[in-house]
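Chains as they are written, first to last, in the working numbering: chain A, 17 to 159; chain B, 17 to 159; chain C, 17 to 159; chain D, 17 to 159.
Keep in mind that the hints are not guaranteed to be accurate.
Identical copies look the same in the list; a pair holds intra-copy or inter-copy alike.
Unchecked claim - Using 25 Å as the maximum straight-line C-alpha spacing, the simulated SDA-like pairs for lysine to any residue come out as follows: (1) Lys-60 <-> Glu-24; (2) Lys-155 <-> Leu-37; (3) Lys-113 <-> Leu-137; (4) Lys-155 <-> Ala-106.
No lab work stands behind these hints: they were computed from the structure. Treat the numbers as computed from the prediction; the structure is a model and nothing was measured.
As a plain string of letters, each chain reads:
Protein chains: 4
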Amino acid sequence: MNDQPTLEIPQGFGQLVGYRLAVWQPDYAELVLGLAPRHLNRNKVPHGGVLVTMIDTAAGYAGCYCAEPGRVRRAMTLSLTTSFIAAATADATLTAKAWRTGGGQSIFFARCELVDDTGRLIATGEGSFKYRRGSEDPKGVPA
Amino acid sequence: MNDQPTLEIPQGFGQLVGYRLAVWQPDYAELVLGLAPRHLNRNKVPHGGVLVTMIDTAAGYAGCYCAEPGRVRRAMTLSLTTSFIAAATADATLTAKAWRTGGGQSIFFARCELVDDTGRLIATGEGSFKYRRGSEDPKGVPA
Amino acid sequence: MNDQPTLEIPQGFGQLVGYRLAVWQPDYAELVLGLAPRHLNRNKVPHGGVLVTMIDTAAGYAGCYCAEPGRVRRAMTLSLTTSFIAAATADATLTAKAWRTGGGQSIFFARCELVDDTGRLIATGEGSFKYRRGSEDPKGVPA
Amino acid sequence: MNDQPTLEIPQGFGQLVGYRLAVWQPDYAELVLGLAPRHLNRNKVPHGGVLVTMIDTAAGYAGCYCAEPGRVRRAMTLSLTTSFIAAATADATLTAKAWRTGGGQSIFFARCELVDDTGRLIATGEGSFKYRRGSEDPKGVPA
């Protein structure tokens, strides 16, 4: 059920992890993932890699919104940081909320807050990104 | 074929991603992953989350080596950073090499270099970690 | 003029850089600095080290508020990250606003936004910190 | 006494902090600072801002070496991270060793190790940088 035409269906690693792009607006994105046993680590808590994957993805989307039908903006992550603030429970539903915080024509920055279904802050992070060739233009490139 | 008795079989997210702990020594660990289509992102290159997952995992292992049979050391990541230096090809085999760089009784630090099969540097990262209760002792806790 | 009795007078490096602790409340701190030629780098823009120093300091204060007269809480930085979002002008007045975002008895996390006098976002950052012995207690230690 | 003609005399904040560029080669730089009371924080240990300033500066220099007489390369920091591994003593001499680790025409990455005069690792860090207009060219711009 996807009533926002610009919402993408995750492929590849996104499909493997299982997150879903729930909200996508100019300078903002939300990613949602219901945790399952396949997301846990050797200590039986959610693997840090799951959280960082959500932060990287949501932060990247926050700077890549494109209002043009049939077109997209693409970027690559330059740097990413994560603070692991609290342990999520093994069956929590996580939401990564990401805001584009600034940047220029070729580079953008975004920050992300990852919360569980009780609203508790699980992790925060920041990334810097570089638009791929053609995607510096807000009108993007053909999808 | 696993002749290092201390090498763990990944579970949960590690199994999903498919990496393998190839070397584990005091203050050092190596993780290996052969990339496949399930590791790619919307731009058809390896998802940043795959790289960061490998860095988090290898860096954590680097500080958790335990020489005692049947015992382990466990830690949680406090913070993690990644620099995405070059794009890996979609079918590269990646190796994450991680070194414990210092720390005290409860906290440790590690850094990681992620290279492809040609030795090219793909990403670097640093993490800070906190031992779980009991794992401050190098003799660890029962597995 | 310092009507908040808990506001500290910077010493050492804080005095050298010249920032001032302007607001200090539970889980929040604000640091202010008027830029001058001594804060510039070889490119005649504010040195990144000035911005990071403000972020480190404000974020640390955000987790060290102590309401007890004559007592303080002390912490050491474990990790710190900064995103340099926009260049400040050479004579701007910078304000670093920092929030404690979480943590437990021994560790805390904080994030910081650095803005100029027009409210423009100049930099953001995150840190993890460890309380010094005795400072885990909100009542702190003798100053 | 400066027999490497390409070594710069620090100005502004560099002069205030007091570090000195001791080695500058393609993809490598070393910065040295003898700590003094003006570098300490409220806990009487070296301020984290001093360490991060050295890391930012050394890492930036590592990517900005220019062999052309009378010309320079300039860059701005996009992101910077630091791990505070051990506390330096209040009168240590610190050396920041930084390596350019990769990058392309417009962006470069560098990592840095900060050691004291006994060779002990005090801090590590990583940065991403963007060349200023004209400095993408290894021949740089007029100084």
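Consistency of the hints with the structure:
no.: 1; hint: Lys-60 <-> Glu-24; result: between (31 Å within a copy, 14 Å between copies)
no.: 2; hint: Lys-155 <-> Leu-37; result: within (20 Å within a copy, 44 Å between copies)
no.: 3; hint: Lys-113 <-> Leu-137; result: both (11 Å within a copy, 19 Å between copies)
no.: 4; hint: Lys-155 <-> Ala-106; result: neither (40 Å within a copy, 27 Å between copies)
Violated hints amount to a single one, hint 4; each of the other numbered hints is respected by the structure.
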